[in-house]
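Visitor: Sequence:
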Amino acid sequence: MRAKLTYLTLAVLLVFYFLLVGSRGVLLIQQGTPVTVAFGAAVLVLPLIGIWFLWHTTRFARNAGRLARELEAEGGLPVDELRRTPSGRIDRESADEVFAKRKAEAERDPANWRSWFRLAVAYHDARDTPRARKAMQHAISLHDGARDGHGSGTR
Numbered sequence: 000m001r002a003k004l005t006y007l008t009l010a011v012l013l014v015f016y017f018l019l020v021g022s023r024g025v026l027l028i029q030q031g032t033p034v035t036v037a038f039g040a041a042v043l044v045l046p047l048i049g050i051w052f053l054w055h056t057t058r059f060a061r062n063a064g065r066l067a068r069e070l071e072a073e074g075g076l077p078v079d080e081l082r083r084t085p086s087g088r089i090d091r092e093s094a095d096e097v098f099a100k101r102k103a104e105a106e107r108d109p110a111n112w113r114s115w116f117r118l119a120v121a122y123h124d125a126r127d128t129p130r131a132r133k134a135m136q137h138a139i140s141l142h143d144g145a146r147d148g149h150g151s152g153t154r
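So the sequence shown is numbered by numbering that gives the first Met the number 0: it starts at 0 and just counts up by one.
What the hints contain is simulated information worked out from the structure, not anything from laboratory work.
Be a bit skeptical, because a hint or two may be false.
Below are the DSS-like pairs computed for lysine-lysine, each with C-alpha atoms no more than 27 Å apart in a straight line [to be verified]: (1) Lys133 / Lys3; (2) Lys100 / Lys133; (3) Lys102 / Lys133.
Here are the computed distance ranges between Cβ atoms for each label pair [said to hold, decoys possible]: (4) Leu13 / Lys100: 56 to 62 Å; (5) Val20 / Lys100: 44 to 50 Å; (6) Arg91 / Val36: 52 to 58 Å; (7) Val25 / Asp127: 39 to 45 Å; (8) Lys102 / Trp51: 29 to 35 Å; (9) Ala99 / Pro33: 58 to 64 Å; (10) Thr35 / Pro85: 55 to 61 Å; (11) Val20 / Asp95: 39 to 45 Å; (12) Val25 / Asp143: 37 to 43 Å; (13) Val34 / Thr5: 38 to 44 Å; (14) Val14 / Val78: 34 to 40 Å; (15) Asp90 / Arg68: 27 to 33 Å; (16) Arg68 / Arg88: 26 to 32 Å.
Glycine included, every Cβ here is placed at the ideal spot set by N, Cα and C.
Put together the whole structure using the sequences plus the hints.
Guide: As structure tokens, this is what we get:
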């Protein structure tokens, strides 16, 4: 719940910032000189990119959460079997071992979104965020394809 509140707070602050920057871009364009119009247009691009990024990130998080809730209801969430250092950080060797198991599971059943979800968690635990995100996107695609009747949702 704390993570959701933090995300919502930061998203609201970003939207406020985008509105502020966008208004400055409009003011520059209203000046009417070629230089200020060019700067104003450039300034307006930044909030548009930011809003696009925020939208895609929010949609990704919402979809990943939906899969997590479904997997939790089935009792299929990965069990935390990772060793930790005294400071609480995940032991790298432990993360690598769990990752190897999750990767083998996904390779055995590549059309199963549940395996890809668990692989995404293993990538995240191994601190490989780009691959974790790709694996989760693949899990979401498999899940939604299976729900629409276009893919395999088997266990």
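Visitor: Going through the numbered hints above, which ones does this structure break? Give me the numbers in ascending order.
Guide: 4
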